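Peer 1: Can you build the whole structure from these sequences, using the hints too?
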Amino acid sequence: MRKILTIAWKEIYTTFTDRNLVLIMVASPLALSTIVALAFGGLGSGDVPIADIPIAVVNHDQPGPLDFSYGSIFVSLLVPGGSGSELELPTCQLFEQDQSGPSAVTLFDLTEAVEFDEALANSLIERGELDFQSRIVAGQTYLDSVARAAVEQGIYTAALIIPEDFTQRISYLPMVHPVLEQTGITIYANRGSPIASEVVRSIAEGITNQIAAGNIAMASSFEELQASFGPASLGQVDFESAFGCAFSSAGNTVGLDSQAIEGSSEGNATRGILVFVGSAQAMFFALFTAQFGVLGLHNERRQGTLQRMVVSPTPRSAILAGNFAGVFLTVLFQLLVLILALTLVGSLLQGKFDFIWGDNLLLLAGLMLAVALAVSGFGILLAAIVRSPEQGNILAPITNMAMGVLGGAFGFTLPRVAGVFSLVYWGREAFQKLAGGDSDIGLNLLVLVVQGGLMYLLGVWLFNRRFEVA
Amino acid sequence: MQSMVETHDLAKTFRRPDGSDLEAVKGIELEIHKGEIFSLLGPNGAGKTTTISMISGLLEPTRGDALIGGHSIIKQPLQAKRLIGVVPQEIALYPSLNARQNLEFFGKMYDLRGSELSSRVDEVLSFIELTDRQKDKVETFSGGMKRRLNVGVGLLHRPELVFMDEPTVGIDPQSRRRILDTVKQLRDEQGMTVLYTTHLMEEAQELSDRVGIIDHGEVIALGTQGDLIQRVGEEDQLAFTVGDQAVEPGLLQQIRDEVQGVTRASYEPPGPGGESDTDTSGMIVIHAKRGRKALPDIIQITNRAGVEIQSVEVREPDLEAVFLNLTGRALRD
Chain A
1 MRKILTIAWK EIYTTFTDRN LVLIMVASPL ALSTIVALAF GGLGSGDVPI
51 ADIPIAVVNH DQPGPLDFSY GSIFVSLLVP GGSGSELELP TCQLFEQDQS
101 GPSAVTLFDL TEAVEFDEAL ANSLIERGEL DFQSRIVAGQ TYLDSVARAA
151 VEQGIYTAAL IIPEDFTQRI SYLPMVHPVL EQTGITIYAN RGSPIASEVV
201 RSIAEGITNQ IAAGNIAMAS SFEELQASFG PASLGQVDFE SAFGCAFSSA
251 GNTVGLDSQA IEGSSEGNAT RGILVFVGSA QAMFFALFTA QFGVLGLHNE
301 RRQGTLQRMV VSPTPRSAIL AGNFAGVFLT VLFQLLVLIL ALTLVGSLLQ
351 GKFDFIWGDN LLLLAGLMLA VALAVSGFGI LLAAIVRSPE QGNILAPITN
401 MAMGVLGGAF GFTLPRVAGV FSLVYWGREA FQKLAGGDSD IGLNLLVLVV
451 QGGLMYLLGV WLFNRRFEVA
Chain B
1001 MQSMVETHDL AKTFRRPDGS DLEAVKGIEL EIHKGEIFSL LGPNGAGKTT
1051 TISMISGLLE PTRGDALIGG HSIIKQPLQA KRLIGVVPQE IALYPSLNAR
1101 QNLEFFGKMY DLRGSELSSR VDEVLSFIEL TDRQKDKVET FSGGMKRRLN
1151 VGVGLLHRPE LVFMDEPTVG IDPQSRRRIL DTVKQLRDEQ GMTVLYTTHL
1201 MEEAQELSDR VGIIDHGEVI ALGTQGDLIQ RVGEEDQLAF TVGDQAVEPG
1251 LLQQIRDEVQ GVTRASYEPP GPGGESDTDT SGMIVIHAKR GRKALPDIIQ
1301 ITNRAGVEIQ SVEVREPDLE AVFLNLTGRA LRD
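Top to bottom, those sequences are chains A and B. Okay, so the first sequence: first residue is 1 according to my numbering, each after it adds one. Okay, so the second sequence: first residue is 1001 according to my numbering, each after it adds one.
Do not rely on the hints blindly, as some may be mistaken.
Dumping the calculated BS3-like pairs for lysine-lysine here, alpha-carbon to alpha-carbon at most 25 angstroms [unchecked claim]:
(1) Lys352(A) - Lys433(A)
(2) Lys1135(B) - Lys1075(B)
(3) Lys1135(B) - Lys1146(B)
(4) Lys1034(B) - Lys1184(B)
(5) Lys1146(B) - Lys1184(B)
(6) Lys3(A) - Lys1075(B)
(7) Lys1075(B) - Lys1026(B)
(8) Lys3(A) - Lys1137(B)
(9) Lys1135(B) - Lys3(A)
Just so you know, these hints were derived from the structure itself, not from any lab. Quantities reported herein were computed from a predicted structural model and do not represent experimental measurements.
Peer 2: As structure tokens, this is what we get:
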């Protein structure tokens, strides 16, 4: 065991004392991630080319006592021709001029929302566009589960779920429902499209703010009317003309223009992109570290140091184990350095300390171990397949680029059905989940550990068989 | 004498890329005694490195076995390897580590730890005269310094047996001299057994207690230098410088007839120096068995003939001549 550790330590020491190597291992992914975050996170440029973001709106909301549905208002603001459009939204003279302005950008310019009902859900499944297989999530309706699956599979960037009692809980009527209650709209966002997801989140926040503002306006008016003229006066109010502007889409401050996205959510967008690209880049470069670490055995053979170890009373298995342990630890250390460095970059960009990887440090550590195992396992397998470092130098960039592209290391994602073939995908997704406060990374860990372990064992077996020392 | 290395029918066959077999070593039988310097002499490609690779456990023999201090290199490799120190032909060091780190790393591979490792590293650094450069990276060393460190790594764990595979290849005469002195020191002061491979006859002659001559994967002769030379019955060559004095053919005939052991006698007259500016002197060249014994008689005869001998050079037969005699080729062919 001591000799294994001695060899592993030598690997780590020689790697991290090579300035050029460290530059490639740490500085490159860090620089690339920062550049991407600056370019697309809203800090570096105001021009984020986003349009037609597909959104599914699931509206379970039932009309309140006045036969009025806030959910429908929500839908009407997002979905052209949706159920909300049947509702005659009151007109508002206040915003007429603004609407016609040349620079006005509406929600419809940014999104392509659909009202997601059972007919649409069934049609997606029947046409084979959605692989659902009756996986209804506990505590969710069929429609919610289908919408969630559609987001997971990249059909929609996000799904907004409006609960059944949405209107009921936030309606204020002095006699019938004299209190305002908390309620919520659930957003399922696709982590593969962090920028678009941030846009959707921002839009949803805007609409809910608008509804809340209108609701407060109505509530305070009711109070005032009742206090001044008595309860009977409420029946004489023309709601449409009185509160038209409160709910008018013309006054919708979200849809409003891309400033809302840049202004209120730039920190989140930068953070999301740093996590997305940073984790994938870290894994992408870690693949090279692992491969070249194992290929280093070929170089050791050339420089005679491997033979020197073989003629010492050190079993061949210990030499291989030492090298592989060194590669594993080097990759782990590289990931750790990058995680910390990206946190620093994220904090600097946001102007405040922000540990961008979430609060669950235990799972984060477990994930890093799993990623290091998977990455070094892949490295060992590749090094075992090739006959020389030269072959490895050709094959490694090809396989790694494929892994990187499939896994989202370059700021874009491919459909999930392709991404799952990349260990970068599984690692990156898990990092994103943790960063978003979601601890459900069991499947990711399982895939990484099983995949890494199998490749590790296969690589060791092949290497032991094929690698000639002398 | 106690044997340190024994090989029995040790053989290695390599598979060529075209699928044919190359038998690099053909069933070698060797015995190296404890405390001796044994040289394996042969031209490049004779099988020296393959043999040493098998004995050190680097290559698996196709057949046969080698015993190191009584331990089979195949059945008890770790025990056998503990007794061996290897100085490979090529520099086998980590260029990005410094001299001390290299020694410490390989020392740990031989289970040296803590203060024992530290003191051994100090001793070796002093022995190879690199104490003042111990913190410098190997990549900054000269070729000679790297060679010395390469030797030092092989000696770190005080091996009973040291394999040195052409350790002086490609280095300057000064470093070469230092390494040859080191080899003798290892035997004389530390009692180590040394297996030294070389294609340089001069090195084998200077160092060896016994020599094995290897060619085409076979040991074709083995013994002390004296044994080997005697075995092939080579003659001494005596060269008498006579300046520009005339030498009659009768004098040469008289030497052949009257001096015991003389087989040939010839005269090389003075002439232009060729590439050098000085002219060459006339010379009488005589081949004789046990030439030193014949020397007084030859000088007497030339004196009587009125030819004054200006200088004498006795060239004794060497391993080069033995190899030539055994194979019909020179070592450097």
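Peer 1: Next, verify each hint and record whether it holds.
Peer 2: A quick look at each hint next to the structure:
Restraint check for Lys352(A) and Lys433(A): the C-alpha separation of about 22 angstroms stays at or below 25 angstroms, so the hint holds. With a C-alpha separation of about 40 angstroms, the suggested pair Lys1135(B) and Lys1075(B) falls outside the 25 angstroms cut-off, and the hint is violated. Taken as a hint, the Lys1135(B) and Lys1146(B) pair is honoured in the structure, with Cα atoms around 14 angstroms apart against an allowance of 25 angstroms. Distance restraint check for Lys1034(B) and Lys1184(B): the Cα-Cα separation of roughly 14 angstroms lies within the 25 angstroms cut-off, and the hinted pair is therefore satisfied.
For the proposed pair Lys1146(B) and Lys1184(B), the alpha carbon gap of about 20 angstroms is at most 25 angstroms, so the pair holds. Taken as a hint, the Lys3(A) and Lys1075(B) pair is honoured in the structure, with Cα atoms around 22 angstroms apart against an allowance of 25 angstroms. Simply put, Lys1075(B) and Lys1026(B) have alpha-carbon atoms about 21 angstroms apart, close enough for the 25 angstroms limit, and the pair holds. The hinted pair formed by Lys3(A) and Lys1137(B) meets the criterion: a straight-line CA distance of about 23 angstroms does not exceed 25 angstroms.
Using a Cα cut-off of 25 angstroms, the hinted pair Lys1135(B) and Lys3(A) holds, with the two alpha carbons roughly 23 angstroms apart.
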